[in-house]
Amino acid sequence: MKLKNDLFLRAARGEATERPPVWLMRQAGRILPQYRALRASLSGFKELVSTPDLAAEVTVQPIDELDVDAAIIFSDILVIPEALGLDYNMVEKVGPRFPETIKSAADVDKLRPAAAAHQELGYVYDALTATKKLLDNRVPLIGFAGAPWTIFAYMVEGGGSKTFSKARRMLYQEPVMAHRLLQKIAEATAGYLKQKVAHGADLIQLFDSWAGVLPPALYQEFSLPYINLIIQELSGEVPVTVFAKDAHHAIAPLSKTSASVIGLDWCADPNEVRQLVGNERVLQGNLDPCQLYAKPEEVAAATRAMLERFGSHHIANLGHGVYPDTPLEGVKAFVGAVKNFNY
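Note that the sequence shown covers residues 1 to 343 in my numbering.
Derived from the structure by calculation, the hints contain no laboratory data. Please note that the accuracy of each hint is not assured.
Mimicking DSS-like on lysine-lysine, the simulated pairs with C-alpha atoms at most 30 Å apart in a straight line are [said to hold, decoys possible]: (1) 132 - 2; (2) 46 - 295; (3) 133 - 256; (4) 194 - 4.
FRET-style restraints, in silico, Cβ to Cβ [what the hints assert, rightly or not]: (5) 15 - 165: 19 to 29 Å; (6) 180 - 297: 47 to 57 Å; (7) 101 - 122: 18 to 28 Å; (8) 101 - 10: 35 to 45 Å.
These figures come from a predicted structure and were not determined experimentally. Where is the CB? At the ideal position from N, CA and C, for every residue including glycine.
Build out the structure end to end from the sequences listed, making use of the hints.
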């Protein structure tokens, strides 16, 4: 059936739109009181991720509350290492922790074959199916995954890190093994995302959250080829957005891939990026998430200024996920300013 609001998809495909579409990374989360109420009744984050009907409910909450132009399936990028056989725990107020990490070639060999990994994630596909039913064709549904380097970093480091020095060290000391692991992650991710598309995802976003810890040469060798592999696997199926946080050196090479949309963090300068990639390249972002702590009228003014700097071929979003304690009135001021903006 035809979407009632296809503004986001039209913009992602580079088509002319009457205004920018708007959604927020992490829009399904703790900024919403209904989400907090649901989470309080559960054992933890992973129960929510792995229960399809609950994940669907949370995915749709910001559509009902904020009237944004796209939904993003409630899930986690770390389902891929788990599907490969490397389990993790989500520790409240700390983040993900892997009891076991990848230290050797033998550890890579012990992982589940990449071609079989996506079969372990039926609960995600069931959540997509349930979400599509709840959405009732109101807006498109975004599926997502972590880019291979970002997943690699967690699997080697064992959790978040300021430096990811263990993961980076492996690139220098064991480059052959690193490529083997990255290839396995990329192939598993491609299979997973193709299943997401088969179950209703209208666009795929790749989050290279730790792109910024790599210097340009390492990014070119150990991240970009594996992102490109996934983009090529999805070619012709749905648009693909790539968001490489803190890696401004990656914008130009990413713009040469067949990705449909390039995401920008809040430190990227719109004018400089436009000079680099051209006015026709579709960009996404890049309002500072902390801007939403300001007074609503100031949020609206900053949002309009951002939209004017980008011009057309832009999807309004923040430069990172919305922070958990962001006031809801700030979020609504941001969304409202975009929806009232006309080209």
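Quiz item: Does the structure break any of the earlier hints, and which numbers would those be?
Solution: Hints 2, 3, 5 not satisfied by this model.
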